[in-house]
Amino acid sequence: MWFQKELLLKPRPRGFHLITDEIILGISQLKNFKVGIANIFIKHTSASLSINENASPDVRRDLETHFNKYVPENASYYEHRFEGSDDMPAHIKSSILGASLNIPIKEGQLNLGTWQGIYLCEHRNQGGSRKIVVTISGETYE
Amino acid sequence: MWFQKELLLKPRPRGFHLITDEIILGISQLKNFKVGIANIFIKHTSASLSINENASPDVRRDLETHFNKYVPENASYYEHRFEGSDDMPAHIKSSILGASLNIPIKEGQLNLGTWQGIYLCEHRNQGGSRKIVVTISGETYE
Amino acid sequence: MWFQKELLLKPRPRGFHLITDEIILGISQLKNFKVGIANIFIKHTSASLSINENASPDVRRDLETHFNKYVPENASYYEHRFEGSDDMPAHIKSSILGASLNIPIKEGQLNLGTWQGIYLCEHRNQGGSRKIVVTISGETYE
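Chains as they are written, first to last, in the working numbering: chain S, 1 to 142; chain C, 1 to 142; chain V, 1 to 142.
Worth double-checking, as some hints may not be accurate.
Repeated chains share a single entry, so a pair holds when one copy, or any two copies, can fit it.
Only pairs whose alpha carbons sit at most 25 Å apart, straight line, appear in this in silico DSS-like list of lysine-lysine [unchecked claim]:
1) K10 with K131
2) K34 with K5
3) K31 with K106
4) K106 with K69
5) K106 with K10
6) K34 with K69
7) K31 with K10
8) K31 with K5
9) K5 with K106
10) K34 with K10
11) K31 with K69
12) K10 with K43
Worth flagging that the hints you see were computed from the coordinates, not collected in a lab.
Keep in mind that this is a model prediction, so the values were computed, not measured.
I would like the entire structure built from these sequences, with the hints used as guidance.
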């Protein structure tokens, strides 16, 4: 049984953002799957998806600070500069963090750990709305 | 055809560990799948999964040394400190390395390259037992 | 419906390379899938796969330069040296970037964003031909 839906996330500022609820609200069909896999895919190269801790907001701020230090803006060796100083770092961060997540489904829910949440990692200063494709395959209840 | 099972890995010290055998022993159903995908998912945000070389143990030690240098403990910019100096680096490493693997299955086996093995990347000093969910979908022999 | 095929990529020099066309040409069966997921898996530990921008070649050059700076050759702390100075960095880069991609399929095509392409990240100086396994599952048209 297959299901695919495109979601448009609301715009968010640069940084790491918890979007578990926004994703789940967008896929009401999830509850029909007894077992399966949800593939969550972002259709951009300057934002990414990750799984990390869903409680302390300081974890999300520290991730942003860390990545800004180790993937700096205006590095002297960047050739790709014409889209702004936040653009080439955004591409690098997106390859490090990745464009998709593959999360097990169990009894109609994402089978995440207690402390796990889904992050949108917005690497541009003004990224705007981001397109996500959710593809679910699995066994349904009926 | 779908199959999902939760495995509890034995506790391991901080570092990169080859767990291919422990995973395969836990999923005897793998041999029934002619073709498919195995999703291996870790339900934690301070440990991660990776694929890397299955022979030289020095590769695993160098990975640990490298990540400790580029994702340092006690960085002055960390706000998230109350769970210990190994905690925030563990979260960062887990986003860089990722929480899941998706490995092709061919003729009842993981279709890995000759030198590939599955790694548990344990980022905490005392991470304890780690929960893994293995979800397999595919065509079975009968 | 399941499909699996092994592709042998033509050899490429060290660096980041756009291989979307070579992958798609290798999997003519893709057009039969109305909806699904394509898992693209590299059977090596010194090369990796990523999704990033499909237009400007300077993005690919900057990725190579960046990774060479933050995952240096000849780091004093490497123990694993006997396969050459490009070997241990190749293993580290491969864990950071990852061995597989999972891309949604829609109406017989990869459902990529406008600017997204598939990259082979070749981390060795002389990597040779690289083995890729493409596994597609989904609903076909007939």
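**Asked** So which of the earlier hints does this model not fit?
**Response** 4, 6, 10, 11
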